[in-house]
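The listed protein sequences correspond, in order, to chains A and B. Each residue of the first sequence is one higher than the one before, counting from 254 in my numbering. Each residue of the second sequence is one higher than the one before, counting from 254 in my numbering.
Just so you know, the hints here were simulated from the structure itself, not pulled from any lab data. One or more hints might be untrue.
When the alpha-carbon atoms are kept at most 27 angstroms apart in a straight line, the in silico DSSO-like pairs for lysine-lysine are as follows [to be verified]: (1) A:304 - A:354; (2) A:566 - A:600; (3) A:655 - B:261; (4) B:566 - B:480; (5) B:304 - A:288; (6) B:316 - A:647; (7) A:304 - B:480.
Taking beta-carbon pairs under 10 angstroms as the criterion, some of the chain A residues facing chain B (in silico) [claimed, not checked]: (8) 427; (9) 428; (10) 653.
The calculated label-pair distances, taken between Cβ atoms and stated as ranges, are [claimed, not checked]: (11) B:507 - A:350: 49 to 59 angstroms; (12) A:484 - B:625: 20 to 30 angstroms; (13) B:613 - A:484: 51 to 61 angstroms; (14) B:385 - A:542: 30 to 40 angstroms; (15) A:469 - B:456: 41 to 51 angstroms.
Fair warning: this is a prediction, and the values are worked out from it, not measured in the lab. A virtual CB, placed ideally from N, CA and C, is assigned to each residue, including glycine.
Protein chains: 2
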Amino acid sequence: MAKKSQLKGNMVIAQSGGPTAVINQSLVGAIEEAKKHSEIQGIFGSLHGIKGILDENFIDLRKESAKTLEEVANTPSSALGSVRKKPTPEDCAKIFQVLQKYGVRFFFYIGGNDSAETTHIINQEARAANYDLHCFHICKTIDNDLRENDHTPGFGSGAKFVAQAFMGDNLDNRALPGVKINVVMGRNAGFLTAASALARVYPDDGPHLIYLPERPFNVEKFLVDVKRVYETNKRCVVAVSEGISDEVGVSIAARFSKETDAHGNIQLSGSGALGDLLANEVKTKLDISRVRADTFGYLQRSFPAVVSANDAKEARAVGRMAVKYAVAGDAISGSVAIRRKPGKAYKVFFERVPLENVAKETQHMPDEFINSDGNDVTKKFIDYAAPIVGPLPKIGCFKGVKVAKA
Amino acid sequence: MAKKSQLKGNMVIAQSGGPTAVINQSLVGAIEEAKKHSEIQGIFGSLHGIKGILDENFIDLRKESAKTLEEVANTPSSALGSVRKKPTPEDCAKIFQVLQKYGVRFFFYIGGNDSAETTHIINQEARAANYDLHCFHICKTIDNDLRENDHTPGFGSGAKFVAQAFMGDNLDNRALPGVKINVVMGRNAGFLTAASALARVYPDDGPHLIYLPERPFNVEKFLVDVKRVYETNKRCVVAVSEGISDEVGVSIAARFSKETDAHGNIQLSGSGALGDLLANEVKTKLDISRVRADTFGYLQRSFPAVVSANDAKEARAVGRMAVKYAVAGDAISGSVAIRRKPGKAYKVFFERVPLENVAKETQHMPDEFINSDGNDVTKKFIDYAAPIVGPLPKIGCFKGVKVAKA
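Given the sequences, and given the hints that come with them, work out the whole structure.
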């Protein structure tokens with residue numbers, strides 16, 4: 254299949270996993286591109302991921318106006334609904350049966366590593382069943398942990414929310430000093446928690462400590478760190494990833510949660526337990542009276558109008574690219590990866606990579622992004638993340654000339 | 254003192270209580286106005302409220318450039334620092350001593366009901382001590398619970414954050430259905446929690462249930478409500494005020510917190526306990542698997558760049574008005590109240606009211622803003638709150654024409 258695909262048929266697109274602020278940009282990018290290619294006839298949206306295929310629950314995306322498409326592109330969360338479902342072999346058999354019945358030859362799945370795995374399984378089953386289906390994964394995840402990608406759509410906007418939240422919270426903590434612990438999303442990778450460092454503008458700005466899942470979390474060490482910062486600054490703002498684990502790899506939050514999803518992931522978000530546990534440790538062990546914890550929870554992935562312009566643009570582009578790759582006929586499957594061009598100016602390009610290269614396993618923050626003490630990020634991380642997140646609100650500060658004592 | 258004040262001297266301004274997104278607008282409004290009046294000589298900022306007076310810790314606000322003032326005005330949280338301190342008679346004696354020493358004749362305190370009380374006490378003590386001091390309170394509070402005021406600066410922006418958060422979270426919950434409980438700030442008044450209703454755009458949009466401190470919270474009734482909504486919509490988004498109390502007035506959150514501040518207020522924010530408790534009730538009693546809780550915490554009062562334009566404008570104006578009243582000489586003390594002009598178009602005006610009218614006691618949501626079932630707001634509330642909050646992000650939605658079954 255070195256030439257342009259001779260395949261003609263309908264297309265199904267769906268969204269899966271945790272929503273992001275820009276996942277609909279990818280959806281709309283794919284729809285817009287699909288309309289340009291005669292190979293693609295019907296453009297069907299499957300509701301709630303592959304569940305919509307199993308239920309034959311499709312909407313006709315050619316019936317949506319350009320105005321609606323643009324509005325949906327700028328709306329957070331998954332407009333087609335989402336799902337957390339790993340298909341069984343029986344599900345796959347049923348999926349092909351449905352896709353065949355609907356004349357579907359192009360399948361696009363927007364999601365993270367679990368969704369790439371699902372796409373990979375469907376692709377393999379399609380090959381085994383000799384069903385000619387172009388299967389493409391369109392990357393997204395605020396966790397920023399997809400292999401092959403410099404970064405993933407959704408991360409920039411989630412990181413912008415986290416940075417702005419820390420900007421405000423640092424000012425709040427400066428006004429009413431104490432210890433403030435903020436728990437940030439990120440199951441295995443600390444990128445989103447690390448983005449809190451972008452909030453720093455003035456000397457003494459928090460977060461003063463950043464704990465990532467990439468380093469073992471030790472409660473005693475944490476207390477020593479907090480004590481030191483508090484004694485120096487009379488206050489301390491801490492960023493903690495929900496995914497922090499102890500020396501033997503046991504998640505600190507998991508001690509309080511037993512719920513798991515279909516992919517075996519433990520429920521970390523949607524509970525304030527981890528923050529409250531750490532706040533209680535500081536309160537009781539360090540004898541500091543004003544200790545507070547906030548858990549950013551679902552706000553950080555679906556907050557309207559706090560969006561990185563680069564993130565929105567790139568999310569749209571990966572949707573378009575997936576369709577381009579699918580109709581080009583060079584390959585019948587793949588995932589669209591975002592790469593960064595070397596050099597000072599921030600520029601990205603896209604590449605098709607095999608599904609198995611992004612499926613299932615995730616990637617972590619590289620060592621060069623984490624300080625040696627394991628409680629902060631490096632300048633290299635700031636340089637990496639700043640252009641992905643884009644400009645942040647301007648924070649004003651008084652010069653503060655002291656009035657001479659009377 | 255019916256004519257313009259003959260009093261000349263220095264001015265001290267300070268900020269107290271919980272920060273807001275626009276409290277610095279009021280500070281800068283007062284500084285700008287003060288510069289216009291020859292009665293006011295030095296413009297001193299006291300750091301961390303009255304604590305700065307006791308510590309003789311002042312900064313010279315005449316030394317700040319117009320550019321810095323504008324930047325600070327647009328920066329959330331209290332630029333002078335804040336404090337939660339109720340002055341003792343000994344503190345007051347010391348305060349007068351310091352103010353006299355520094356030639357201070359104008360005192361402005363930006364804060365809520367507790368800060369109005371502090372201003373009132375200082376004013377009374379000044380009268381008793383025969384010290385000629387103009388004491389003015391400049392209103393702020395995201396809780397919107399100050400008496401005499403149609404609404405208070407800080408509420409509009411806090412409400413905008415809450416409404417946007419619910420917009421996003423409703424879409425998130427639509428994508429991955431379940432029960433989602435969001436805990437919103439508001440100790441005694443439900444205005445901020447009620448503002449979640451502004452998030453509704455399309456039929457079936459959440460929040461589907463809203464629980465306010467103005468009505469007793471009954472866990473059994475709550476479960477019946479959630480069950481009904483969940484059975485109808487297959488999902489349920491709930492807004493709960495942190496200040497909800499049971500039939501005998503015992504705060505639900507207080508069952509989990511023992512910490513109080515100098516004004517006797519129990520710590521409600523900075524912990525996820527209330528949300529987790531309610532989520533656990535739903536999970537165990539209703540047998541619904543996907544139940545999540547988020548506590549918005551401190552994000553809702555200091556988030557940069559999510560600001561109501563009307564709120565910012567009015568906050569600036571109350572700062573200016575306080576100085577105008579102080580130098581006009583009609584009265585030596587008071588608080589600046591925001592009133593709304595009757596009529597369809599949204600217009601406000603300002604009035605000076607006695608300090609004791611806003612001090613200490615707070616006001617609640619009027620009955621006409623709460624539905625008869627005690628689990629939602631009325632259209633009257635929406636009409637009241639919408640212009641204070643201003644325009645919200647546009648939320649797109651597919652028409653969703655179903656593809657005919659093959």
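**Asked** Against the structure shown, which of the earlier numbered hints fail to hold, in ascending order?
**Response** Per hint list: 4, 5, 12, 13 violated.
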